[in-house]
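All chains, please: the whole structure from these sequences, using the hints.
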Amino acid sequence: MTWRRTPQPRLVAVLTISQATYDAIVAHAKRDHPDEACGMVLGPEGSDRPERFVEMVNAAGSPTFYEYDSTELLELYKQMWANGEEPVVIYHSHTATEAYPSRTDIGLASEPGAHYVLVSTREHGNNEGPVEFRSYRIVDGEVTEEEVTVVPALP
Amino acid sequence: MAIEVKIPTILRTYTAGEKAVTADGTTLSALIDDLEANHPGIKDRLIDNGDLRRFVNVYVNDEDVRFIGGLQAELKDGDQVVVLPAVAGGC
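Protein chains in written order, with our numbering: chain A, 1 to 155; chain B, 1 to 91.
No wet-lab data here; the hints were simulated from the structure. It is possible that part of the hints are untrue.
[As the list claims (entries may be wrong)] Cβ pair distances, simulated, as ranges: (1) B:ALA30 to A:ASN127: 51 to 59 angstroms; (2) B:GLU18 to A:VAL14: 27 to 35 angstroms; (3) B:ASP48 to A:VAL150: 51 to 59 angstroms; (4) B:LYS76 to A:GLU132: 46 to 54 angstroms; (5) A:HIS124 to B:LYS76: 48 to 56 angstroms; (6) B:PHE67 to A:GLN19: 39 to 47 angstroms; (7) A:HIS124 to B:THR26: 53 to 61 angstroms; (8) A:THR16 to B:ARG53: 32 to 40 angstroms; (9) B:THR15 to A:GLY125: 38 to 46 angstroms; (10) A:GLN19 to B:MET1: 37 to 45 angstroms; (11) A:GLN79 to B:ARG53: 23 to 31 angstroms; (12) A:GLU51 to B:THR22: 32 to 40 angstroms; (13) B:MET1 to A:THR64: 42 to 50 angstroms.
[What the hints assert, rightly or not] Pairs of lysine to any residue, SDA-like flavour, derived with a Cα cap of 25 angstroms: (14) B:LYS6 to A:ASP48; (15) A:LYS78 to B:ASN49; (16) B:LYS19 to A:GLU51; (17) B:LYS76 to B:GLU63.
[Claimed, not checked] According to the in silico footprint, chain A covers these stretches of chain B (three or more CB under 8 angstroms from chain A): (18) 25-39; (19) 77-88.
Glycine included, C-beta positions come from ideal geometry on N, C-alpha and C.
The following block contains the structure:
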């Protein structure tokens, strides 16, 4: 009998993000802890390049919920339309639970082309220390985790 | 009468991929009925139990309709309507 290893699930999709943008997202999540932090990283339409970091205010100001202010949401999209940009990364933090999309996150996800980044600050809160930083595609209620590659600068 | 309605990515399955369509109506409610006539199924994504869905934002000339009468918000020729899903979630 041949002994065979169970194949490891392989993450085929990948989010490639610069160190500076990664650090900015983590810093925002730590600063706003214990409330959830939220924002986007925009890039040229169709490029899949997260280039322009945009911190948003969590209008819900809550440790368990986030929502952009509706006026700021429109302003952001108008900027994107004017610049030919789209949301490449949509990030938010979980401050007491793991960095995995909740049922609410999944139900409200409405950008099938975006990488949904979840950061969990549950371990170190506002303090120094590692965070969970994970990325997902959320399409029609289906969640697919993807690998995160942090590079010194986008190619 | 023609009112331009910007359609978000998630609803473009109803508009054959179009980013914007034109529709008619003197109120938002009438406009949505007109949209439904040409793009069946879209109304249910905007309205729930006779009211605008909690996590759908609609703007008339950059004003959130919740501040100008909701579904009864008045429209006139040349107005621009934008539909944007809320960016929201929670643990």
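Hints versus structure:
At about 55 angstroms, the CB distance of B:ALA30 to A:ASN127 agrees with the hint of 51 to 59 angstroms. Distance hint check: the CB atoms of B:GLU18 and A:VAL14 are about 31 angstroms apart, consistent with the given range 27 to 35 angstroms. Against the hinted window of 51 to 59 angstroms, the Cβ-Cβ separation of B:ASP48 and A:VAL150 comes to about 41 angstroms, which falls outside the hint. The hinted window of 46 to 54 angstroms between B:LYS76 and A:GLU132 holds, with their beta carbons roughly 51 angstroms apart.
A C-beta distance of roughly 54 angstroms is found between A:HIS124 and B:LYS76, which places it inside the suggested range of 48 to 56 angstroms. Distance hint check: the CB atoms of B:PHE67 and A:GLN19 are about 41 angstroms apart, consistent with the given range 39 to 47 angstroms. For the pair A:HIS124 and B:THR26, the supplied restraint of 53 to 61 angstroms holds, since their beta-carbon distance comes to about 56 angstroms. At about 34 angstroms, the CB distance of A:THR16 to B:ARG53 agrees with the hint of 32 to 40 angstroms.
Checked against the hint of 38 to 46 angstroms, the pair B:THR15 and A:GLY125 passes, with Cβ atoms roughly 45 angstroms apart. As the Cβ distance of A:GLN19 to B:MET1 is approximately 53 angstroms, the hint placing it in 37 to 45 angstroms is violated. Between A:GLN79 and B:ARG53 the beta carbon distance is about 25 angstroms. The supplied range of 23 to 31 angstroms therefore holds. As the Cβ distance of A:GLU51 to B:THR22 is approximately 33 angstroms, the hint placing it in 32 to 40 angstroms holds.
Between B:MET1 and A:THR64 the C-beta distance comes to about 44 angstroms, which sits within the given range of 42 to 50 angstroms. Pair hint B:LYS6 plus A:ASP48 holds up; C-alpha atoms about 23 angstroms apart against a cutoff of 25 angstroms. Restraint check for A:LYS78 and B:ASN49: the C-alpha separation of about 30 angstroms exceeds 25 angstroms, so the hint is violated. Taken as a hint, the B:LYS19 and A:GLU51 pair is honoured in the structure, with Cα atoms around 23 angstroms apart against an allowance of 25 angstroms.
Proposed proximity of B:LYS76 and B:GLU63 is supported: the alpha carbons are some 14 angstroms apart, at most 25 angstroms. Remark: the region 25-39 of chain B is not confirmed as covered by chain A, as 0 of its residues place a Cβ nearer than 8 angstroms to a Cβ of that chain, below the required three. Only residues whose C-beta sits within less than 8 angstroms of a C-beta in chain A count toward coverage, and the region 77-88 of chain B has 6 of them, enough to reach three; the restraint holds.
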